[in-house]
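Once you've looked at the hints, dock chain F against the given chain X.
Protein chains: 2
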Amino acid sequence: MTAAGPEPFGRRLTAAMDRYGPLCVGIDPHTSLLARWGLPEDASGVREFSLRTVEALTGVVGVVKPQAAFFEQFGSAGVAALEETVAACRAAGLVCVVDAKRGDIGSTMAGYAQAFVGKDSALAGDAVTVTPYLGFGSLDPLIADARSTGRGVFVLALTSNPEGAQVQHARDRDGMSVAAQIAASAAAANADELAAGEPLGSVGLVVGATVGSAPRDLGMDLAAVGGPMLAPGLGAQGAGITEIRSVFAGAERAVLPSSSREILSAGPDRENLADAARRVQAGLQDLRGGRCDQQL
Amino acid sequence: MTAAGPEPFGRRLTAAMDRYGPLCVGIDPHTSLLARWGLPEDASGVREFSLRTVEALTGVVGVVKPQAAFFEQFGSAGVAALEETVAACRAAGLVCVVDAKRGDIGSTMAGYAQAFVGKDSALAGDAVTVTPYLGFGSLDPLIADARSTGRGVFVLALTSNPEGAQVQHARDRDGMSVAAQIAASAAAANADELAAGEPLGSVGLVVGATVGSAPRDLGMDLAAVGGPMLAPGLGAQGAGITEIRSVFAGAERAVLPSSSREILSAGPDRENLADAARRVQAGLQDLRGGRCDQQL
Numbered sequence: 001m002t003a004a005g006p007e008p009f010g011r012r013l014t015a016a017m018d019r020y021g022p023l024c025v026g027i028d029p030h031t032s033l034l035a036r037w038g039l040p041e042d043a044s045g046v047r048e049f050s051l052r053t054v055e056a057l058t059g060v061v062g063v064v065k066p067q068a069a070f071f072e073q074f075g076s077a078g079v080a081a082l083e084e085t086v087a088a089c090r091a092a093g094l095v096c097v098v099d100a101k102r103g104d105i106g107s108t109m110a111g112y113a114q115a116f117v118g119k120d121s122a123l124a125g126d127a128v129t130v131t132p133y134l135g136f137g138s139l140d141p142l143i144a145d146a147r148s149t150g151r152g153v154f155v156l157a158l159t160s161n162p163e164g165a166q167v168q169h170a171r172d173r174d175g176m177s178v179a180a181q182i183a184a185s186a187a188a189a190n191a192d193e194l195a196a197g198e199p200l201g202s203v204g205l206v207v208g209a210t211v212g213s214a215p216r217d218l219g220m221d222l223a224a225v226g227g228p229m230l231a232p233g234l235g236a237q238g239a240g241i242t243e244i245r246s247v248f249a250g251a252e253r254a255v256l257p258s259s260s261r262e263i264l265s266a267g268p269d270r271e272n273l274a275d276a277a278r279r280v281q282a283g284l285q286d287l288r289g290g291r292c293d294q295q296l
Numbered sequence: 001m002t003a004a005g006p007e008p009f010g011r012r013l014t015a016a017m018d019r020y021g022p023l024c025v026g027i028d029p030h031t032s033l034l035a036r037w038g039l040p041e042d043a044s045g046v047r048e049f050s051l052r053t054v055e056a057l058t059g060v061v062g063v064v065k066p067q068a069a070f071f072e073q074f075g076s077a078g079v080a081a082l083e084e085t086v087a088a089c090r091a092a093g094l095v096c097v098v099d100a101k102r103g104d105i106g107s108t109m110a111g112y113a114q115a116f117v118g119k120d121s122a123l124a125g126d127a128v129t130v131t132p133y134l135g136f137g138s139l140d141p142l143i144a145d146a147r148s149t150g151r152g153v154f155v156l157a158l159t160s161n162p163e164g165a166q167v168q169h170a171r172d173r174d175g176m177s178v179a180a181q182i183a184a185s186a187a188a189a190n191a192d193e194l195a196a197g198e199p200l201g202s203v204g205l206v207v208g209a210t211v212g213s214a215p216r217d218l219g220m221d222l223a224a225v226g227g228p229m230l231a232p233g234l235g236a237q238g239a240g241i242t243e244i245r246s247v248f249a250g251a252e253r254a255v256l257p258s259s260s261r262e263i264l265s266a267g268p269d270r271e272n273l274a275d276a277a278r279r280v281q282a283g284l285q286d287l288r289g290g291r292c293d294q295q296l
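Just so you know, the sequences run in chain order X and F.
For the record, in the first sequence the residue sitting at position 293 is 293 according to full-length UniProt numbering, with numbers rising by one throughout.
For the record, in the second sequence the residue sitting at position 114 is 114 according to full-length UniProt numbering, with numbers rising by one throughout.
This is chain X alone, in the form it adopts within the complex (with noise of 0.2 Å):
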């Protein structure tokens, strides 16, 4: 937070959603979509894939996500086409959120910061997702590291597939939710960089769009978080920002609803892919209280 240092993400990401408006579009070079889009089901498909997605949306959006498994299915020639993906990101302006999900603890959690925030590593976009299995405070090196390079973190907290709350809906003995601990924990994570005037802390949640009333039910102070909220649902898997405003009622303005599917499908047509970014984006604007400077 010197004056030296390196701008923080929720600075920067909020100038992102500013500017273009809230939306993270999701690179998943799913086999279904390769398919689609005529491309070869390897490394090289991969790879031609995502940077069509980039440049298409190049000064379209303002925040896309990777989702690091479509790479790793081809191996180490899929993480390297994930590598120059990230670099595309950088040279195009775009945030880039690594949907990684990683998690460890000690020096191997060390090992995924130098991998994923590390400053000088070709992995490491401008945020990273991570699970919080082994504890919030497991992520505590990876978060330092991420804020020392001007990274993010974003920590699963509560998701959408039924299966999740067995683990996530769990509660301690005085009666919290797991799900409520990880907000509480991201909320003291981002205390210093609230306090120090960032209109957004480091420290993300990714809380499915399509959760219902699942935070209130569990407690979850969305609002008290401080940091950026990933929601994936949006579309296909059927929220729209109606249920966006429910689930995170109190802070809308830090809601990163992600899409997909909904938008890739519309390549491999570079104008055509561009437009259903649109129209999604369209449709998020009045989330964060009126249009982007994009359209004024």
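Hints may contain errors.
What the hints assert, rightly or not - Below 20 Å or equal to it, Euclidean Cα-Cα: the simulated EDC-like pairs (lysine to aspartate or glutamate) are: (1) K119/X - E41/F; (2) K119/X - E7/F; (3) K119/F - D140/X; (4) K119/F - D42/X; (5) K119/F - E7/F; (6) K119/X - D140/X.
Stated by the list, open to error - Derived CB-CB ranges, DEER-like: (7) L194/F - S32/X: 30 to 38 Å; (8) D275/X - G106/F: 22 to 30 Å; (9) S213/F - D221/X: 42 to 50 Å; (10) A188/X - T242/F: 32 to 40 Å; (11) D172/F - G250/X: 24 to 32 Å; (12) P40/X - N272/F: 42 to 50 Å; (13) D217/F - D275/X: 52 to 60 Å; (14) P6/F - D286/X: 23 to 31 Å; (15) S213/X - S265/F: 51 to 59 Å; (16) E271/F - D120/X: 36 to 44 Å; (17) K119/X - N272/F: 43 to 51 Å.
None of these hints come from the bench; they were simulated from the model.
The beta carbon of each residue, even a glycine, is placed where N, CA and C say it ideally should be.
Positioned in the frame of chain X, the structure of chain F alone reads:
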């Protein structure tokens, strides 16, 4: 489980433990170990470190566990080194557990399944570790794929880091802890294979060797799981055979204690490394009720 199918993981792992004893050597090319071995801190260093370790341990131990984070920290070149390590294990007849702790849902989980248990994937060893923050059920597609290729899955259940309690000790409405639910889900997943006469199911757990009485306190029925118990925390982290017997009472024959730094720091000399592994392994022989085939 058809006669024409691949040999199940539980059977192969049991054969390896019968032959060599119950030890898994972690391949953790930590930067401090690279320096100690006189290797560069880059992908070529982790490659050399890992291939030398595999060579030194061939014919000495039955199971190794490369830790993905230490490879990923060097990006796609590091992941290529992991692929070479997996291939070297295969050529040497070592059972290889890729410690990747992946976890996601739906088509993304299918991507990780292809990467780590897929039929022709260069990243797929004999088993992979996974994380259940999205619920045990979210792992089902990967578990099904693993069975179809004769591979195994180790699900994070109860870890030794103090932060883990926030999630793992939480309880559902009926008072059942998350850790106990994961164990019960694994038991259910293994039931068919055990009924068919397999010595161990394909679905194991990760339970820290240093967790003391926590499994009993949390109501985990480890004896009922029927899958292998990967137990990190041996040696440097403080657990010996006495602690392991206490933690895994009733499931001793299923325990696969894991040791990394204590053994690896004996390198790079090949014989010193092998001797260190032999010493640790000798201290574990009684765990399975006596001497292993190799020493008869």
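Hints, verified against the model:
Under the criterion of a C-alpha separation no larger than 20 Å, the hint pairing K119/X with E41/F is consistent with the structure, at around 15 Å. Straight-line distance between C-alpha atoms of K119/X and E7/F comes to about 44 Å, which puts the hinted pair past the 20 Å bound. Simply put, K119/F and D140/X have alpha-carbon atoms about 36 Å apart, too far for the 20 Å limit, and the pair is violated. Of the supplied pair hints, the one linking K119/F and D42/X holds, its CA atoms being roughly 15 Å apart against a limit of 20 Å.
Among the hinted pairs, K119/F with E7/F is consistent with the structure: their alpha-carbon atoms are about 14 Å apart, no more than 20 Å. Among the hinted pairs, K119/X with D140/X is consistent with the structure: their alpha-carbon atoms are about 17 Å apart, no more than 20 Å. Distance hint check for L194/F and S32/X: the Cβ-Cβ separation is about 36 Å, which falls inside the suggested range of 30 to 38 Å. The supplied range of 22 to 30 Å is met by D275/X and G106/F, whose beta-carbon atoms lie about 26 Å from each other.
Checked against the hint of 42 to 50 Å, the pair S213/F and D221/X fails, with Cβ atoms roughly 34 Å apart. A hinted range of 32 to 40 Å holds for the C-beta pair A188/X and T242/F, which are about 38 Å apart. Checked against the hint of 24 to 32 Å, the pair D172/F and G250/X passes, with Cβ atoms roughly 28 Å apart. One distance hint, 42 to 50 Å for the beta-carbon pair P40/X and N272/F, holds here, with the actual separation near 47 Å.
Distance hint check: the CB atoms of D217/F and D275/X are about 57 Å apart, consistent with the given range 52 to 60 Å. In this structure the hint that P6/F and D286/X lie 23 to 31 Å apart at CB is violated, the actual value being about 54 Å. At about 53 Å, the CB distance of S213/X to S265/F agrees with the hint of 51 to 59 Å. Range check, E271/F to D120/X: about 37 Å between beta-carbon atoms, so the 36 to 44 Å window is met.
Checked against the given bound of 43 to 51 Å, the beta carbons of K119/X and N272/F, roughly 35 Å apart, lie outside it.
In summary, the numbered hints that this structure violates are 2, 3, 9, 14, 17.
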